[in-house]
Amino acid sequence: MSSGLVRKPHKKLFYSSMVSIFYRSAKKDFGKNINLAYLGGGYVMSLNEGHLEWMTHIRKSSADAGVELSICLLEYTLAPERPYPRQFHQAIMALNHLQASGRHLSNIIIGGDSAGGHLSLCIISALMHPYPDANNPLLKVKAFDRLKGCFVISPLLSWDLSTRSYSDRFSADVLAPYTVQEWGNLVRDNSPLGDEISQGKGWGMALDVPEEWWDNMDVVDQMLVTGGHEELFRDHIYQFIDLLRRRTKTSLASYVALDEAHDGPLLDFCTKSNQSKTTQLITEWVISTFSMPPKPIDN
1 MSSGLVRKPH
11 KKLFYSSMVS
21 IFYRSAKKDF
31 GKNINLAYLG
41 GGYVMSLNEG
51 HLEWMTHIRK
61 SSADAGVELS
71 ICLLEYTLAP
81 ERPYPRQFHQ
91 AIMALNHLQA
101 SGRHLSNIII
111 GGDSAGGHLS
121 LCIISALMHP
131 YPDANNPLLK
141 VKAFDRLKGC
151 FVISPLLSWD
161 LSTRSYSDRF
171 SADVLAPYTV
181 QEWGNLVRDN
191 SPLGDEISQG
201 KGWGMALDVP
211 EEWWDNMDVV
221 DQMLVTGGHE
231 ELFRDHIYQF
241 IDLLRRRTKT
251 SLASYVALDE
261 AHDGPLLDFC
271 TKSNQSKTTQ
281 LITEWVISTF
291 SMPPKPIDN
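The C-terminal position of the sequence shown is numbered 299 in UniProt numbering, with every residue numbered one higher than the one before it.
Be careful, since some hints might not be right.
Below, computed lysine-lysine pairings styled on DSS-like, alpha-carbon distance capped at 27 angstroms [stated by the list, open to error]:
(1) K201 to K142
(2) K60 to K295
(3) K249 to K295
(4) K60 to K277
(5) K201 to K249
These are computed hints drawn from the structure, not numbers from a lab.
Use the sequences and the hints to build the structure in full.
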């Protein structure tokens, strides 16, 4: 399923029967620094105008700060037409295409909101643990190259709906437990996700496998995790932040806004509201990350 909103304001970078990538850049061609955005919608909804305005804001703010940045958007297939791992494979193909075009991981930030944050973590997992499916693409990593950064905003991290934040009543949150359950079923049904989790393989769900899955996080220079205190995913977000701080050496920034619910930055642009602190933080983090020299890689 495609989104006309994406095709009109963004140029097509790559298209096949499996994957579509669109980009927005100040130049005719996309530049050196790239934000590859895996955007949200519960895997059941396409990109919307708020997503596009948000990504345009990040690009323009980066330019104002002296950082030339191209935004690439993956248009992935939706559930239930295609359950997991189709979107995961498409995300791998998008990153592989950028590398095949001469771009280095050290000049690429990946990131997304909600389901897009979940998909970004699938990619981090694939960088640590290649996905063993002979019928689908492996993530190709050039020697001595490492992803510049990854940001995840209100990511889906677990199928456990029993945490306190799921039972609290958040009048501001756009999600309900029923919605998470029903949309989750569309992604999980007729997929290998349950078997992967039972085998301790965390490609598809970060917190439902043993913590040691995340021990080899030396695949990304900078990491940003954000969420809202008034959202269902709050407890899982805090848990994941704690896990990364305890078990990895990746440079991690995190922020959970006390006055925000699920996917606050997207709501800022959908409702044309003043920018929240989270929105400002993400933009500043992208600019700061691209301004840093790459970290040395141990041989």
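Checked hints:
1. K201 to K142: 24 angstroms, holds
2. K60 to K295: 26 angstroms, holds
3. K249 to K295: 12 angstroms, holds
4. K60 to K277: 18 angstroms, holds
5. K201 to K249: Given that 27 angstroms is the threshold and the Cα spacing comes to 21 angstroms, the pair holds.
When the structure is compared with the earlier hints, no violation turns up for any of them.
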